[in-house]
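> All chains should be modelled from the sequences, with the hints used to inform the complete structure.
Read off the chains here:
There are 2 protein chains.
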Amino acid sequence: MNPTLEHLSAHRTIRKFTAEPVAEEDVRQAVAAAQMASTSSNIQAYSLLRIRDAQTRARLVTLTGGQPQVAQGAFFVVCGDTRRHRLAARQHGEEYVCNLEAVLLMVTDAALFAQNLALAFESLGLGICFIGGLRNQLPDVDHLLELPEGVLPLFGLCVGHPDDDPSPRPRLELDAVLIEERYPEDATVLAKLAGYDERMRQYYAERGNPGHDWTSGIVRKFREPKREHLFEFFRAKGVTWG
Amino acid sequence: MNPTLEHLSAHRTIRKFTAEPVAEEDVRQAVAAAQMASTSSNIQAYSLLRIRDAQTRARLVTLTGGQPQVAQGAFFVVCGDTRRHRLAARQHGEEYVCNLEAVLLMVTDAALFAQNLALAFESLGLGICFIGGLRNQLPDVDHLLELPEGVLPLFGLCVGHPDDDPSPRPRLELDAVLIEERYPEDATVLAKLAGYDERMRQYYAERGNPGHDWTSGIVRKFREPKREHLFEFFRAKGVTWG
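Protein chains in written order, with this note's numbering: chain F, 1 to 242; chain S, 1 to 242.
If you're looking for bench data, these hints aren't it; they were derived computationally from the structure. There may be inaccurate statements among the hints.
[To be verified] If you only want the chain F side, here are some residues facing chain S, beta carbon under 7 Å, derived:
no.	residue
1	35
2	50
3	96
4	116
5	120
6	146
7	174
8	178
9	179
10	190
11	218
12	231
13	241
14	242
Since the model is a prediction, treat every value here as computed from it, not as a measurement. Just so you know, even glycine gets a beta-carbon here, dropped at the ideal spot from N, CA and C.
Quick look at the structure:
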């Protein structure tokens, strides 16, 4: 296995950081490298907000569901950014349309960039944790950060010196994800999920959490609509959908 | 600069591949490593379809806008996958809800995975090219690949032995993307875009394409609604939006 494959394979989320600050130079190096991620037609539809203010960070801990690491280390908000595109259009006297395709572009662009960024930080000896809980109360986050039209906060990113050493979490088996030519029948998919449940029960049991598996967690997560405010929030930020 | 930062910084899209096939072992190694990308609450909401059939590939060249590299090297379709979640819910006798939040989860998860995958392939000496044109006629792609409800094709990925050696394309300046605390005023953003336009005019001119800049391309891209079929297509595939 080459060093890149080793790095990718060794990823685990770090949720606890030491008090040692993240060096400014590390942030700049990591962001510069991350910007070289693929971007659809070079639109670069993302921005990275660094939040330092302690009061804002404390409020963000609450808004993201009480995750203490949001106030530790360095904290960033990964945004889909169509503002630059909007301003360019206005300057050229042209319309700017932000429909679902533009949303897919910004979310994809932002995530490709964010994954590069995570790897860049890890290569510098830092640990990372994405914060999807940023979307729990997204209008409040948006208001707190005073984001203008066209800038959509998507998720948070905590970065710091690791104060924890968890082992990587097992994933679905490779052949559940890498599919040849045609998507398999339901029975085949369910058999793979049963195998993964078995592995995950063992994984959780070894960590003092017996009786947990993957499918039960998934079912609980999606049985009710989640974050229903998002559709209207995206519209309020300039997405026309349709 | 450490080797990871060097790798990230050196990325360029490869659009032309030699006839040398991509080794099966390389694909399996790359996918296994890519699976270790962060995934929201471990939902792993993606699948990777490998398309080998020559007729299907030829049809995909047409459907993606005539990009010949889709028929070269190895071709993959990166899918947002909620099918596993749906089947688990059905088995547990529970509802499954796929709203905008679930779409954001699947697109983010798929892109984090895809960026890892791209880097893994590059580390093996291969070149990659994402194909957003897969969404040009997405219902036709979906029909061609016979994808079931809950599996959303998002973009393509071409992988092969490079038969081209382009230089990396300059990105927005770092401080246009890395923002401290609060999003800047419009005038500040526009000044940065003017600087980038200047750099890009030079970049294009040096490559025999004088008169091109960044903002003009962006304005052309977004002045009319793009891929308007997507909203209904996602609904037909099981997304309730709202």
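> Using Cβ atoms only, decide whether residue 146/F comes closer than 7 Å to chain S, and label the hint accordingly.
It holds, given that the least Cβ distance between residue 146/F and chain S is near 6 Å, below 7 Å.
> Do the numbers back the hint for residue 120/F, that is, is its least Cβ distance to chain S under 7 Å?
holds (6 Å)
> Hint validation: residue 96/F versus chain S, beta carbon distance must be below 7 Å. Holds or violated?
holds (5 Å)
> Verify the interface restraint on residue 116/F: the C-beta must sit less than 7 Å from at least one C-beta of chain S.
With Cβ-Cβ at 5 Å, under 7 Å, it holds.
> Identify whether the interface hint at residue 242/F stands, where standing means a beta carbon of chain S within less than 7 Å of its own.
holds (5 Å)
> Measuring from the C-beta of residue 190/F to each C-beta in chain S, is the shortest one below 7 Å?
With a minimum Cβ separation of about 6 Å from chain S (threshold 7 Å), the hint on residue 190/F holds.
> Is the interface hint for residue 218/F satisfied, with its Cβ closer than 7 Å to some Cβ of chain S?
Result: holds, 5 Å to nearest chain S Cβ.
> The hint names residue 179/F as touching chain S; please verify it with the least Cβ-Cβ distance against 7 Å.
At 5 Å from the nearest chain S Cβ, residue 179/F passes the 7 Å test, so the hint holds.
> Would the hint on residue 50/F be counted as holding, given a Cβ-Cβ threshold of 7 Å to chain S?
This hint holds: residue 50/F lies near chain S, its Cβ roughly 6 Å from the closest one there, short of 7 Å.
> Under 7 Å is the threshold here; is the Cβ of residue 35/F close enough to any Cβ of chain S for the hint to stand?
Cβ of residue 35/F sits 4 Å from chain S, so the hint holds.
> Please check whether residue 241/F passes as an interface residue: C-beta within 7 Å of a C-beta belonging to chain S.
Constraint on residue 241/F satisfied, holds at 6 Å.
> Hint validation: residue 174/F versus chain S, beta carbon distance must be below 7 Å. Holds or violated?
holds (5 Å)
Taken one by one, the earlier hints all hold for this structure without exception.
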